[in-house]
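Colleague: Take these sequences, add in the hints, and give me the full structure.
Residue numbers (my numbering), protein chains in the order written: chain A, 44 to 363; chain B, 44 to 363.
Calculated from the structure, these hints are not laboratory results. All values derive from a computational prediction rather than experimental measurement. You may find that some hints are simply not true.
Pairs involving identical chains hold if they fit within one copy or between any two copies, as the list cannot separate such chains.
[To be verified] When the alpha-carbon atoms are kept at most 25 angstroms apart in a straight line, the in silico PhoX-like pairs for lysine-lysine are as follows:
hint, residue 1, residue 2
1, K277, K229
2, K170, K329
3, K357, K64
4, K161, K91
Number of protein chains: 2
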Amino acid sequence: MISEKRISFSDYLIANIIKKKSHVIVGLDPDYDNLPESIKGATPLSIKGICMAITEFNCRLIDAIYDLVPAIKPQIAFYERYGIEGIRAFIKTVKYGKKKGLIVIEDAKRNDIGSTAKAYSDGHIGKVRVDSHDASIFDVDAMTVNPYLGSDGILPFLDDVKTYSKGIFILVKTSNPSSVDLQDIKVRYEGQKARLYEVVAKLVNRWGSNTIGSFGYSSVGAVVGATFPRDARKLRKLMPKAYFLVPGYGAQGGKASDVINCFNKDGCGALIAASRSINYAYRHDKRFKDSQFAEAAREAVIGMNTEINNELRKNKLLNW
Amino acid sequence: MISEKRISFSDYLIANIIKKKSHVIVGLDPDYDNLPESIKGATPLSIKGICMAITEFNCRLIDAIYDLVPAIKPQIAFYERYGIEGIRAFIKTVKYGKKKGLIVIEDAKRNDIGSTAKAYSDGHIGKVRVDSHDASIFDVDAMTVNPYLGSDGILPFLDDVKTYSKGIFILVKTSNPSSVDLQDIKVRYEGQKARLYEVVAKLVNRWGSNTIGSFGYSSVGAVVGATFPRDARKLRKLMPKAYFLVPGYGAQGGKASDVINCFNKDGCGALIAASRSINYAYRHDKRFKDSQFAEAAREAVIGMNTEINNELRKNKLLNW
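Modeller: The structure is reproduced here in structure tokens:
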């Protein structure tokens with residue numbers, strides 16, 4: 044019954060990357076203060092109004108970029124901070140993105156153990172039981188997960204990765220300066236000297252080994268910051284089959300020549316994320332008025348696609 | 044203007060511990076399948092109905108135990124999995140617990156960096172800006188935080204700890220078997236051999252150093268599992284001023300003689316958590332009918348208080 048088997052998350056992701064000719068994922072990290080006046084003016088100044096503005100802003104952004112990128116990455120913290128109404132805005136954003144053919148990778152960095160990790164997984168990438176049926180709640184395609192609790196914290200997510208053809212991206216080496224505090228610590232592991240993030244990389248390989256899709260990539264990916272290009276090169280070798288979710292491009296200082304280390308020789312393997320530089324492009328590009336924020340975002344995405352594709356071409360890694 | 048200064052989280056916690064003569068914190072981790080029929084039968088079988096049942100169950104539990112313990116620890120994963128309605132149930136539970144004089148420590152294990160960590164902190168322990176005022180959203184007294192991202196992931200929470208007299212508990216050594224995967228790794232740190240969790244312990248000291256209250260405890264606590272008593276003893280010495288939030292008692296195997304290592308010589312320093320053994324006590328205690336779940340929970344809490352207080356007395360650590 045091969046025809047009934049659903050395509051794995053990694054296959055779905057790569058197919059969409061090739062279709063859109065883009066390795067970019069757009070973060071949707073709404074900050075009310077930075078929203079255009081044209082959006083803010085149309086909603087009341089209340090928690091509910093703020094969340095309506097966020098939803099409207101996101102949908103307009105998605106309309107402007109859905110044909111240019113394979114995926115979006117809403118950061119749930121920016122919604123969750125508004126409680127019930129924020130979660131409503133988040134779920135509406137996810138639904139709208141998926142309706143437009145975008146893959147939705149939730150940046151949630153959730154982590155816990157046993158039945159608690161299962162509860163997170165059920166809610167975000169799996170299903171919850173209601174009476175005699177199963178319901179999808181957040182219904183994202185993939186989510187980010189923190190590894191500090193070890194295997195007990197990852198295995199419950201893996202069940203849903205397999206059952207529902209979903210993905211997880213495990214924090215390995217994050218883009219922030221103080222990622223060195225713990226992730227770069229010198230460790231002794233399996234008789235060898237290493238950095239802690241290399242140990243996590245090895246675990247990511249192990250956790251993902253039963254989820255390899257037809258393009259050769261696992262549905263258990265890794266978060267690898269653009270801001271540490273030398274570490275990225277090492278990690279690319281350590282996790283040849285893991286898709287990298289790469290934050291830190293643009294606003295945090297990562298350049299196209301930095302993120303090139305995150306790709307494999309097949310020209311795949313990395314999804315480069317940018318949020319602020321796209322979401323609020325209208326604030327820095329004088330060609331666009333406040334009300335043209337969506338057009339400005341579109342231009343910024345086209346620019347970023349070009350930068351990354353040019354860099355891949357220069358390195359003979361562009362495969363379209 | 045000393046009189047205007049609010050009492051620190053650690054002082055508020057310890058005052059409540061002494062008042063209640065209890066070092067126990069009750070986890071509220073609702074699992075619909077385990078709820079009593081008397082609660083389930085009164086609500087419709089829908090997401091909304093499930094969340095109404097959870098809220099009702101929690102409020103009845105709180106009514107039964109609020110005079111016996113200083114604090115409750117709702118685990119947000121069990122609410123979040125139901126999306127919008129789940130968050131509503133969570134917030135109602137928090138409000139009800141606080142109304143009854145309980146300290147609410149949210150088990151959220153959130154983590155991120157910069158403005159994203161700030162968004163989590165604003166939503167859970169701080170405030171969000173709405174028009175010309177600041178609104179509290181989750182409004183818990185303290186929350187658990189994951190340290191894998193280093194200082195950048197902790198400092199934004201520290202601001203709210205200081206501004207709003209809140210607390211955070213940082214995962215140091217968790218109670219699950221695979222906590223050894225990363226937390227127990229042998230590392231080289233500041234020229235010395237150590238385990239990773241010892242490095243995190245040192246960071247917890249540093250992060251909490253400006254938040255010491257009048258009882259001598261910091262408002263930056265540590266999560267230290269009851270299931271590794273030898274590690275707990277080491278960690279108690281490494282973090283003399285951190286309050287320990289101790290999961291793993293009861294269902295996970297931790298005993299009173301294990302958790303004694305988490306206390307300081309002043310008879311304070313540890314908050315021992317139990318969830319399932321209290322929430323669903325009625326399922327294992329034949330004296331109670333389904334409809335008497337709250338009475339059963341009360342008995343279970345009294346039993347746990349007695350066990351821990353007796354152990355403290357035995358070790359000459361009981362200070363009431």
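Colleague: Hints first: check each against the structure and report whether it holds.
Modeller: Hints, verified against the model:
1. Taking the shortest Cα distances, K277 and K229 sit within 25 angstroms of each other both inside one copy (15 angstroms) and across copies (21 angstroms).
2. With identical chains, the CA atoms of K170 and K329 are never at most 25 angstroms apart, being 45 angstroms at best within one copy and 34 angstroms at best between copies.
3. Taking identical chains as interchangeable, the C-alpha atoms of K357 and K64 lie at most 25 angstroms apart only when both belong to the same chain, with a minimum of 16 angstroms there against 70 angstroms between chains.
4. Within a single copy, K161 and K91 get their C-alpha atoms only as close as 30 angstroms, which misses the 25 angstroms cut-off; across copies the closest is 20 angstroms, which meets it.
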